[in-house]
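Q: Top to bottom, those sequences are chains U and H. Quick note, the first sequence lines up with residues 1343 to 1686 if you use the numbering used here. Quick note, the second sequence lines up with residues 1343 to 1686 if you use the numbering used here.
Heads up, some of the hints might be wrong.
One copy or two, it doesn't matter: identical chains are merged, so the pair holds either way.
Cross-link-like lysine-lysine pairs, in silico, DSSO-like; alpha carbons within 27 Å at most [what the hints assert, rightly or not]:
(1) K1438 to K1641
(2) K1488 to K1683
(3) K1641 to K1683
(4) K1632 to K1588
(5) K1618 to K1641
(6) K1618 to K1683
(7) K1488 to K1464
(8) K1641 to K1488
(9) K1672 to K1654
(10) K1641 to K1654
(11) K1588 to K1464
(12) K1672 to K1558
(13) K1618 to K1672
(14) K1654 to K1438
(15) K1391 to K1374
(16) K1588 to K1563
(17) K1632 to K1654
(18) K1672 to K1683
(19) K1488 to K1632
(20) K1672 to K1632
(21) K1588 to K1618
(22) K1385 to K1438
(23) K1654 to K1558
FYI, nobody ran anything at the bench for these hints, they're computed from the structure.
Protein chains: 2
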Amino acid sequence: MAESEGSNGVQFFEGVEKLLEIWFTRTDGNSKQCDLRNIPRQKLESLLKIVRCEVISFIHNDQVDAYVLSESSMFVARRRFILKTCGTTTPLQCLKPLMLLVEQYAGFDEVEDVFYSRKNFKRPDLQMNPHQAFEQEVALLDSFFKDGAAYCLGTVNRDCWYLYTLNPLEGDNKKRHRGIPEPDQTLEILMSDLDPEVMAIFTREESSSAAEATQKSGIEKLVPNMMIDDFLFEPCGYSMNGISSKNGCYMTIHVTPEPDFSYVSFESNVPQASYKDVISRVLETFQPGKFVLTVFANKTSPAAECPRELEKTSSFGDWLRHDIQYCRFKNYDLTYAFYSKFPS
Amino acid sequence: MAESEGSNGVQFFEGVEKLLEIWFTRTDGNSKQCDLRNIPRQKLESLLKIVRCEVISFIHNDQVDAYVLSESSMFVARRRFILKTCGTTTPLQCLKPLMLLVEQYAGFDEVEDVFYSRKNFKRPDLQMNPHQAFEQEVALLDSFFKDGAAYCLGTVNRDCWYLYTLNPLEGDNKKRHRGIPEPDQTLEILMSDLDPEVMAIFTREESSSAAEATQKSGIEKLVPNMMIDDFLFEPCGYSMNGISSKNGCYMTIHVTPEPDFSYVSFESNVPQASYKDVISRVLETFQPGKFVLTVFANKTSPAAECPRELEKTSSFGDWLRHDIQYCRFKNYDLTYAFYSKFPS
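Input sequences plus hints: build the corresponding full structure.
A: Here it is as structure tokens:
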């Protein structure tokens, strides 16, 4: 991925991603013919110009289009749009043009749910407007959404994770009669201070191709039965998308390997009653010094009991838990946890 | 209570309190002879000058000294110091002199736990350094405490509640061998937008004495068997402390009745397996438009199961829950919830 130069002249790259997930619907309930994938590719590419990134690879199945971007990934399903971008990209700048494209080409006329989230940046001062401060991001999101609620999970003065989502009141009639939501869940593991030997795999010096890095690191074994689209950057850095034709699930991993600012993110919506095994495999693979763990699950998800399980998990091997927090939103339960190797 | 004049010339008073609670101990474990109440009264009064408030009333029993202040309350027990002050007071400015007094007169040499918390201010711009922003308060606290962790519960862009506490790692040997902690719990209800008819009780126009306001409002029935020290300000405003000689418990209520910025806080450490009845009585008494609810309970507290109970309580009568969050700290579990009357 592209390197930025910090104000002190030292090369720096912000691996921490901004993650935007939007679910669309129709006010008349008749959204069967609507599909975000009807938006022409060229229009999506123009949208990404505003975000300051571009498509570098693409795979798809009948349930989801998966793009590897110059800065992270984009997943477009029938009614769910996911844009995850790192570096100094500006994903919230695309909200207005995205809404216009969705209305014009996809047929949806309402946003059902929004999740904008990110870990605290290592260098917020290098970000562009409105991403220098969460308050600015929230102000922009509030100008689009009526029921937006902004949260900061974890420790404000150390490692934390910001979330903006819609949290309408129970009593809001408009939202009440939607019926049973489809099962949905998202697991994210945001890792920092990673093992330099593992990180070396994600350099051109040590791996001659993305496939070699995927295989050597053990990424290919993390979630089975995924069609993998991987990319190894020059001189270092790695991105991969995985999609499953069986259930329409995705996974995505992004690696910033430089020792001074190493960062790896893992994200997937694979439905599981327990994420302990997946989490353990991810930790063994990347060997982070510390990580943020987030699990979203709605009431109908197989992962609905994960908060209880994580509550009991005060350590994963050498990684000890410092923080665990739960939020109950109208449609989703969220668990946030922070672990680090002791001594941190 | 004293009124401040806002920058726009309109009278304004910040009812929202800054709440500082510190537990002291001795590194050698031998603290039986130590007592915060050995600090001379005149030294405490000098301390309060730094905070910009003063003592206006005092009661005590063999377990706790309870002071009504010109801006809220102070409770001094053997090893627990509580300072709760509203308006534009500066409680964090007293940390250093407090530590010196504690060492010199009380005999403790270590801070076992700290809780600094407050709701978001209505007018942060009117506060004095370091209270204009939570980040500044945290920076000052971090200069005193090694294991400090700062949190923001609730919605950053609407109603939220800040907390700074010590959250040392499980593996920290120094803290691990303390044995079983004494049961402890704190319930706070921070109410805004209150019923003007109820608020009128707390004016000199409608009540001729504090005792009349306490009786007419129903405050005297909220928690039974308390020795009450109440104060009605001129022309309006009300404070009360209650202490129980039976179990050393306290309660404290502060009322800012002006319609433009009405605010009432209720706090108590009475141990209960369920707080539903107390909460309901407080809500019926004050009729707030919205309120923040926080419950701290350690593992040995009778209130340890309150988080589960509150999880199931999506409403108290007309007050609907918007938010509920849980944090697990090393020694305490915290539940935060926000409710408002619908439509808010």
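Q: State for each hint whether it applies.
A: Cross-check of the supplied hints:
In this assembly of identical chains, K1438 and K1641 lie within 27 Å of each other by CA distance neither inside one copy nor across copies; the values are 31 Å within and 49 Å between. Taking CA atoms no more than 27 Å apart as the test, K1488 paired with K1683 passes between copies only; the shortest distance there is 18 Å, against 41 Å inside one copy. For the homomeric pair K1641 and K1683, the shortest alpha-carbon distance between copies (25 Å) is at most 27 Å, but the shortest distance inside one copy (33 Å) is not. For the identical chains of this complex, K1632 and K1588 are neighbours neither inside a copy (33 Å) nor across copies (47 Å), given an alpha-carbon limit of 27 Å.
When the C-alpha separation of K1618 and K1641 is checked against a cutoff of 27 Å, the pair qualifies both within a copy, at 20 Å, and between copies, at 26 Å. When the C-alpha separation of K1618 and K1683 is checked against a cutoff of 27 Å, the pair qualifies only within one copy, where the shortest distance is 17 Å, while the shortest distance between copies is 40 Å. In this homomeric assembly, K1488 and K1464 come within 27 Å of each other (Cα to Cα) only across copies, at 21 Å, whereas the closest approach inside a single copy is 30 Å. Only within a single protomer do K1641 and K1488 lie at most 27 Å apart by alpha-carbon distance; the minimum there is 24 Å, versus 40 Å between protomers.
Within a single copy, K1672 and K1654 get their C-alpha atoms as close as 24 Å, and across copies as close as 13 Å, so both meet the 27 Å cut-off. For the homomeric pair K1641 and K1654, the shortest alpha-carbon distances inside one copy (20 Å) and between copies (15 Å) are both at most 27 Å. Taking CA atoms no more than 27 Å apart as the test, K1588 paired with K1464 passes in neither setting, with 38 Å inside one copy and 52 Å between copies. In the homo-oligomer, the alpha carbons of K1672 and K1558 never lie at most 27 Å apart, since the shortest distance is 42 Å inside one protomer and 39 Å across protomers.
In this homomeric assembly, K1618 and K1672 come within 27 Å of each other (Cα to Cα) both inside a single copy, at 25 Å, and across copies, at 22 Å. In the homo-oligomer, the alpha carbons of K1654 and K1438 never lie at most 27 Å apart, since the shortest distance is 42 Å inside one protomer and 38 Å across protomers. Neither within a single protomer nor between protomers do K1391 and K1374 lie at most 27 Å apart by alpha-carbon distance, with minima of 30 Å and 68 Å respectively. Only within a single protomer do K1588 and K1563 lie at most 27 Å apart by alpha-carbon distance; the minimum there is 17 Å, versus 63 Å between protomers.
With identical chains, the CA atoms of K1632 and K1654 are at most 27 Å apart within one copy only, with a shortest distance of 19 Å there and 33 Å across copies. Proximity of K1672 to K1683 under the C-alpha cut-off of 27 Å is restricted to the inter-copy arrangement: shortest distance 17 Å between copies versus 34 Å within a copy. Proximity of K1488 and K1632 under a CA criterion of 27 Å is satisfied inter-copy only: 19 Å between copies versus 35 Å inside one chain copy. Proximity of K1672 and K1632 under a CA criterion of 27 Å is satisfied inter-copy only: 18 Å between copies versus 30 Å inside one chain copy.
Taking identical chains as interchangeable, the C-alpha atoms of K1588 and K1618 lie at most 27 Å apart only when both belong to the same chain, with a minimum of 22 Å there against 48 Å between chains. Taking the closest pair of Cα atoms, K1385 and K1438 come within 27 Å of each other only inside a single copy of the chain (13 Å); across copies the shortest separation is 60 Å, beyond that limit. In this assembly of identical chains, the alpha carbons of K1654 and K1558 never lie at most 27 Å apart, being 33 Å within a copy and 48 Å across copies at closest.
When each numbered hint is compared with the structure, violations occur for hints 1, 4, 11, 12, 14, 15 and 23.
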